[in-house]
Each structure stands twice: as structure tokens, then as C-alpha cells.
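Q: Listed in order, the protein sequences are those of chains L and D. Position one of the first sequence corresponds to residue 1 (the numbering used here), numbered consecutively onward. Position one of the second sequence corresponds to residue 1 (the numbering used here), numbered consecutively onward.
FYI, nobody ran anything at the bench for these hints, they're computed from the structure. It is possible that part of the hints are untrue.
Which copy is meant is left open, because identical chains are indistinguishable; a pair holds if it fits in one copy or across any two.
To be verified - Quick list of in silico lysine-lysine cross-link-like pairs, DSBU-like style, CA-CA up to 35 Å:
#	residue 1	residue 2
1	15	206
2	206	54
3	213	54
4	206	60
5	106	206
6	35	195
There are 2 protein chains.
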Amino acid sequence: MDEHFLFYVPPEQIKHDRLQFTEDEAHHIARVLRKQPGDVVQVTDGVGNTMDVKLIVVDKKKVAGEVVATYITPAEPDRIMALGVIRQRERLEFAIEKAVELGVTKIVLVHSDHAGRMELKPKRIDKTMIAAIKQSRRPWLPAWEERDSFYEVLSEYRDSCEVVMAHPAEGTYEWQGDDSPLLLMVGPEGGFSPKEVEQALASGVKIVSLGQKRLRTETAVCVMLALASYR
Amino acid sequence: MDEHFLFYVPPEQIKHDRLQFTEDEAHHIARVLRKQPGDVVQVTDGVGNTMDVKLIVVDKKKVAGEVVATYITPAEPDRIMALGVIRQRERLEFAIEKAVELGVTKIVLVHSDHAGRMELKPKRIDKTMIAAIKQSRRPWLPAWEERDSFYEVLSEYRDSCEVVMAHPAEGTYEWQGDDSPLLLMVGPEGGFSPKEVEQALASGVKIVSLGQKRLRTETAVCVMLALASYR
């Protein structure tokens, strides 16, 4: 069995242990890897299952198979990343890729005060996230959503999560290192507005300073998740 | 004064408090920001000095100025990153950018067993590093060098540094959180070879596992530096 690659098939495309691959995955399996019927590949449905799938049909237009074994990975602790939208699309996608690799369970893309209103491209975001779970062999596909302000995000999550904001300020935050739900807030280039900081403090948000150097948004994403996950 | 931008001028181009900007920086100052003689900008020489520089000449071909104040930033603790060369040049440059942002003092690019021999482009690496110190307002420009194997790197640094290797294995490493010299080893895509791991263990290298998920090289760079710097 080829354990190097993990393929993704949405759960709704798996019925009675039979599944058909999406066009992109079919191309990769049939044309790039030149798999044959009878070969076994690994597949995740993004909701915790990793499956050994024996290929039945491998042709130009269709690749389909049968699940022969399923391994279940327990759900991960809630790590929600609320991220100010970055104008440079490449950096935004990089931030999303890194967040997924480092175990985020949901990404909230925020049109914050200093971010301005940039139109998101949902298909590209989905694609970035799927590529990241495949690459890191992670059988959970995080969800993502879009919000108009950090305040909206706070109202929604402050009761169910500990909220930690990356912002240059006095004081050090002690990471708990347990599995309780966390909402991590990272600003766009230009950081949080004074109003956003004020609203956060009024909501009991903890502030963590990432040092004197000015970090790019995607770097702050990596640091926050590293500190939340590896303590 | 415009504190948003930090410009870089190599120390050899600063004489008796007078300096001339490189072509790229001159273009940015004269054409993009449209600065005038008399305006003050911030400049670093990459060896710890941040200077306020009053512009004297601003024209198409030449931008020069005079240092009116100097601020000294103490040297940072030794954080050397030995990094297996990544074949995708974009990801290699990204790893370098992130390492610089997160406070590395030297980067050693290693043609390791699983990396193969890829020709480096020194000018692009210099450019990436200069852009990263400017962006993060960091007045120290890290050095970089190229080595043919991790073993060579180990022989060179194991006596002067604590060496920590990112490798999936049992056991957890306790980061010290002090300023003693550290050499961090991160493998290329495909990781370290069994021989490289064996040589490292024989040299007393500490191993840190970054969890069950497979991290890309540039992600491991961010995590290692975050853990080394923010404990």
C-alpha cells in the first residue's frame, strides 16, 4: 500500500463503503501515480476517518474504489483562529495552510478595521485547506467562516472559549497546555485598531505579546499555534 | 520622521556619518515614497545600529544622507538554524524569511541526504534576508552559509552550541528558555536519513518531536524558533 499520499473524499461521496474520487484526485491517482485496479490507497473523509481503499475503476474519467479498512482518529481540541484578512492573497493562503498544518480546528477570516474589505475566494480557500490536510496527513478538515468584525467573533465565542490575542503590549500570558477550547486572535498587517483592542479587553480577552520584532500575520499564526500546541 | 520603513545600508557604505543608499533602496525612497532632501528616514546597517538619516541628495540616480542619531540594539543570543535545502525554491525562501523574522542569528543551508544537491542562488537569499529584517524592523542581519552534510555542521557547532533536532521520535525535550547558544536542525521534505539521525545521536544531539502531524520544513522552522524564543 502507498502510505505516502493521503487522498481526500468528502463524506457525502462515500456510500456503503464505495466511493468515487473527485476530478483532481482521480487525475493524481490515474495519470500522475499511474495506479491500477487492485492497488490500495489511503483516503480521509476529513471527519476523522482514514481508510484503506482498494481501487476498482481507474480510467481517464473516473476513479472509484471500495473501503477495506477504516481507522478512526479522535476529534482534536478546539483551536479556533480568528485572522484579520491579509490583502496579499498569497500570504493569506499561506497563513491558512500553516494554521491547518498546526492543528487549527476552525478558521474565522475577519474583515477587521485595518484589513479593509477584500473579497474572499471560497474555492481557493477550500483547496488550500484540503491540500494542507493531505500534506500533513491530518484526517480532520477544519471549517472556515467569514465575519465582518472582530467584535462579532468575540460575541460569538467568548462564552465558550478562552480568547487570546496577539498584540504588542505589556504582560505575559501563561499558556495552559491543556485541551480546553481556545480562540486565538491575530490581526492583519497593521495590527488591531485601538477600538478592537478596547473591545477585546472589555470582553476579558488575554493578551500575549510576541516580542519586540514586528511579525507578519502568517508568522504570528505559526507562533500562536506552536505555543498553544507544544506546551 | 517616517518610522514605518526601515532601510538597509551595508556598514561599508557608511563613512563618517555619510551614506549612500543602494539602487533598490534609492528607488524606494525617491520614486515610491517621494521623499525630499531634509526628510529623515530610519536605516539599519544590519550589525545592531538603527540610525535616523537626514536625506541630502534625492535624485533619480542617487540618494544619500547624513546620520543624525544612532540607536544601538544589543546582539541577540545565538540561534543557528541548520536547514535541509528544500527543492521548491519558493518554500526555501519562505523558510529563510520566517527564520529571520523569528530571530535566527545564522542560517546554515545543508545539502543533506534527502535534499539532494540543489544549486543555491546567493543573491536571492541575501535579498530575502534583507527584506525580512526590514519588514520586522530587526537591526541585525543574520549570516548564512552552505554545507555539504549535517555531519559537517555538527562537527563545527556541537562544542559551542546545544544542538536540538526536529525529528519524529519518542521523548520530549525541555526547552531551557535562556540565552545559551542553540543550533536547531530541521530536515528537508522527507526528513533526516537514518544515518543522519545516528550521527546526531552519537554527537549528543537532543531530539524534539513536533507531534504526529507531518509538518512542512518551513513550518517546522517556525515552530522550533517559536519554542526556542518564547519560553
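Q: With reference to the structure, classify each hint as holding or not holding.
A: Quick rundown of the hints versus the structure:
no.: 1; hint: 15 to 206; in the structure: neither (45 Å within a copy, 47 Å between copies)
no.: 2; hint: 206 to 54; in the structure: neither (49 Å within a copy, 41 Å between copies)
no.: 3; hint: 213 to 54; in the structure: between (51 Å within a copy, 24 Å between copies)
no.: 4; hint: 206 to 60; in the structure: neither (54 Å within a copy, 49 Å between copies)
no.: 5; hint: 106 to 206; in the structure: both (20 Å within a copy, 33 Å between copies)
no.: 6; hint: 35 to 195; in the structure: between (56 Å within a copy, 32 Å between copies)
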